[in-house]
Amino acid sequence: MAENQSYYVPASSPWPIIGAIGLGLIAWGAGNTVIDMTNNQDGYGSTVLTIGIIVMAVMLFGWFRDQINESMQGLYNDQLGNSYKQGMSWFIFSEVMFFAAFFGALFYARVIAVPWLDGASNNVMTAEVLWPEFVAQWPLTKTPGGTETQAMGWYGLPLVNTVILVVSSVTCHFAHVGLEKDNRKQLTAWLGLTIILGCIFLYLQGAEYIHAYEQLGLTLDSGIYGNTFYMLTGFHGMHVTLGTLMLIIMFLRVVKGHFTPDNHFAFQATSWYWHFVDVVWICLFVVVYIL
Amino acid sequence: MSTVVDDIHHEEHHDHKPSGITRWLFTTNHKDIGSLYLWFSLIMFFIGGAMAMVIRAELFQPGLQLVEPNFFNQMTTVHGLIMVFGAVMPAFTGLANWMIPMMIGAPDMALPRMNNWSFWILPFGFAILLSSLFLEGGGPNFGWTFYAPLSTTYSNDSTALFVFSMHILGISSIMGAINVIVTIMNMRAPGMNYMKMPLFVWTWLITAFLLIAVMPVLAGAVTMVLTDKYFGTSFFDAAGGGDPVMFQHIFWFFGHPEVYIMILPSFGIISAIIPAFTRKQLFGYASMVYATASIAILSFLVWAHHMFTTGMPVFAELFFMYCTMLIAVPTGVKVFNWVATMWRGAMTFETPMLFALAFVILFTIGGFSGLMLAITPVDFQYHDTYFVVAHFHYVLVTGAVFSIMAAAYYWLPKWTGHMYDETLAKLHFWTSLISVNVLFFPMHFAGLAGMPRRIPDYSIQFADVNQITSIGGFAFGLSQLIFLWLCIKCVRGGEKAAAKPWEGAEGLEWTVPSPAPYHTFEKPPKVE
Ligand code: HEM
Ligand SMILES: [Cu+2]
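So the sequence lines, in the order shown, correspond to chains A and B.
If you're matching positions, the first sequence starts at 1 in the UniProt record's numbering and goes up one per residue.
If you're matching positions, the second sequence starts at 1 in the UniProt record's numbering and goes up one per residue.
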């Protein structure tokens with residue numbers, strides 16, 4: 001029985017199915033919200049969506065609370081710890097592939113679709129018949145359909161944001177080192193700084209969007225340049241938001257005295273996630289802004 | 001912290017299972033979750049099958065008789081989506097849940113709670129997808145491949161529901177795959193090194209990798225469809241500098257590995273069953289592993305064989321043609337090994353073996369029609385005809401689905417503790433085998449003669465062939481009711497099964513009693 005076991009199997013739990021209900025409500029609500037929006041009608045979509053988000057939040061809170069309690073009781077063994085670490089790495093890999101789809105779209109549009117529309121390869125007649133006036137260029141500031149916009153430069157806000165995010169990766173690492181050396185002061189200070197940097201990044205990103213919308217006419221629907229710009233930076237921004245939330249939760253747990261130098265999976269996972277978000281940004285800064 | 005200590009301790013009684021409905025809702029047990037997956041997939045198989053019956057009824061005669069073309073299109077679309085994401089993939093995940101921990105000597109899956117979450121997302125995802133059929137304007141009608149601009153400019157209102165249901169189904173598959181991969185990498189019993197793992201475990205390890213790599217790409221594709229349709233982006237619209245062809249590239253970058261996701265676990269199943277009923281070791285274990293891995297790697301380099309007629313530079317057409325034909329090499333290695341295993345074996349023909357043999361022959365037919373399609377100039381003729389439909393139903397129905405049936409018969413005694421009814425099972429096998437060929441074989445000829453796919457009406461020269469096909473279809477559909485009845489009967493009772501009911505079977509799963517106890521291997525077993 002339980003005592004002489006060498007394996008640990010977590011007990012059953014209501015949270016996963018609550019999470020499934022939450023996700024279901026979110027999907028259904030989001031779908032209906034979008035449909036209501038395009039038809040300009042009032043529907044129950046947004047209500048369902050809100051309930052779904054609340055259910056998810058409650059679920060995450062409850063699930064993690066149980067998880068933390070079990071972990072603090074020392075119920076977990078090394079094998080489970082390893083499973084968590086491997087699971088997190090594969091999750092990050094799946095995120096990499098998610099971004100790859102959008103980077104791929106950017107690459108295809110830029111290297112293939114836009115030049116072809118201007119007659120590259122064997123597409124002379126395509127260009128001639130469809131949009132003879134169209135000139136291929138990148139950033140695509142004038143679409144074949146005629147929508148005009150301005151390109152976003154890389155200096156200024158984007159460069160500042162790059163520096164901020166790279167620095168935050170370093171501070172996050174110092175916090176981790178502090179944790180491993182059991183230096184709680186170092187841990188709290190660097191972790192706090194990382195959170196502040198994350199927030200500044202998000203704030204500046206918001207400012208950049210406002211600038212793009214109001215001064216540059218660079219909008220989500222301004223053609224493939226704006227599309228790829230907002231999809232990549234937008235999904236990245238969502239990940240930074242999530243990462244910052246995770247960091248804040250880690251901060252609260254650190255203040256409560258959680259984590260030891262050799263048992264801090266949650267912290268480690270958060271820091272991996274943060275570094276991942278940072279790497280995505282660097283790729284993004286190079287291919288979206290500079291090139 | 002200590003205040004909450006005792007309320008999480010109460011479920012530690014490991015030998016008794018919780019009762020009532022909460023057992024299934026809250027379970028963290030790999031066997032319970034495996035059963036949930038398997039039953040769910042069987043239900044979806046019948047729902048998707050009902051849609052196929054509608055399609056075949058409409059196509060029984062030329063002309064439009066039963067359903068509106070728009071509804072016909074919804075049927076082909078949702079039939080495809082349900083069979084791929086609701087029937088075949090969950091069935092494999094169910095088998096993985098049940099068998100992998102037992103095969104590698106683990107007590108359970110590595111992340112049992114996430115396992116429960118992965119499963120329970122599925123009913124919600126499909127409820128959303130199916131509910132869209134009842135909305136005004138109907139559900140998705142653009143084919144399971146949802147090509148832009150059919151799914152963007154020309155699709156109906158409910159497309160957003162399709163998109164979000166695909167998102168959560170994707171989340172479920174990714175979590176399921178992470179669980180499998182981590183279980184295999186981290187939970188093997190001491191001594192169970194990689195080259196000792198049963199091939200089912202190997203093939204699932206590689207499948208899980210493929211899933212984690214491509215499901216997010218599908219998520220990206222549906223997201224771009226969503227924003228193109230509702231938020232004014234033009235990823236797939238040339239007027240904004242995008243390209244509908246780009247959709248096809250992104251989709252098939254997911255789609256081709258996806259078809260291997262639906263066949264690699266089958267290879268594992270067949271590689272377990274043939275040696276068992278041949279009473280011989282599997283021929284060429286290591287070459288099977290390498291063949292599986294090479295198929296997986298190649299599957300990332302062949303996606304554009306679905307797009308030969310869409311328009312690509314000649315170099316790309318040739319590149320994708322050669323890469324596709326290259327896949328036939330590792331696939332051939334596998335078929336060779338199965339046949340070589342049977343060579344001079346002491347064979348008996350219980351139902352699992354019958355399905356496995358049918359798999360080897362009929363899957364090979366599907367592989368050959370695939371090779372024909374891989375030849376670019378030839379595909380110009382065959383593309384989007386019933387020849388393609390014949391091809392992928394041979395690999396998916398007589399391939400993937402037959403292997404799932406074989407697996408069910410092979411492991412039912414282990415799951416339920418009862419032998420299934422062999423007479424009924426044989427009846428199921430022979431009716432399925434005959435009807436499935438009546439159903440799909442004539443499609444080759446319809447396709448070669450030029451009958452297009454996804455069309456509710458056709459010119460009269462195709463009438464005979466379609467009538468035969470439809471009769472085969474109805475017969476195949478009815479035959480599956482035998483399987484349903486047989487499963488229910490087997491769960492409820494029957495001759496007691498021994499721990500190892502098949503004489504030649506090998507593997508750790510046969511060292512535990514039948515039915516397998518709720519918790520197996522609380523301590524790591526010894527592997528020599
Ligand atoms: C020797 C191996 C194979 C080769 C060479 C091959 C080749 C091809 C080609 C060239 C096409 C595109 C036909 C067209 O649309 O014109 C195709 C379609 C398809 N194949 Fe295969 N295939 C192989 C194995 C498989 C397997 C194992 C599966 C799944 C288990 C599969 C599932 C499909 C599906 C679902 C489609 C049609 C997708 C659609 O358009 O809806 N194939 N195959
Ligand atoms: Cu393919």
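Keep in mind the hints are simulated off the structure, nothing from the lab.
Using N, Cα and C, we set each Cβ at its ideal position, and we do this for glycine too.
Do not take every clue at face value.
Stated by the list, open to error - Distance ranges between label pairs, derived from CB positions: (1) B/68 to A/82: 20 to 26 Å; (2) A/96 to B/322: 37 to 43 Å; (3) B/450 to A/54: 54 to 60 Å; (4) A/120 to B/68: 41 to 47 Å.
Verification of the hints:
1. B/68 to A/82: 20 to 26 Å: 55 Å, violated
2. A/96 to B/322: 37 to 43 Å: 29 Å, violated
3. B/450 to A/54: 54 to 60 Å: 56 Å, holds
4. A/120 to B/68: 41 to 47 Å: 43 Å, holds
Of the numbered hints given earlier, the model fails hints 1, 2; all others are met.
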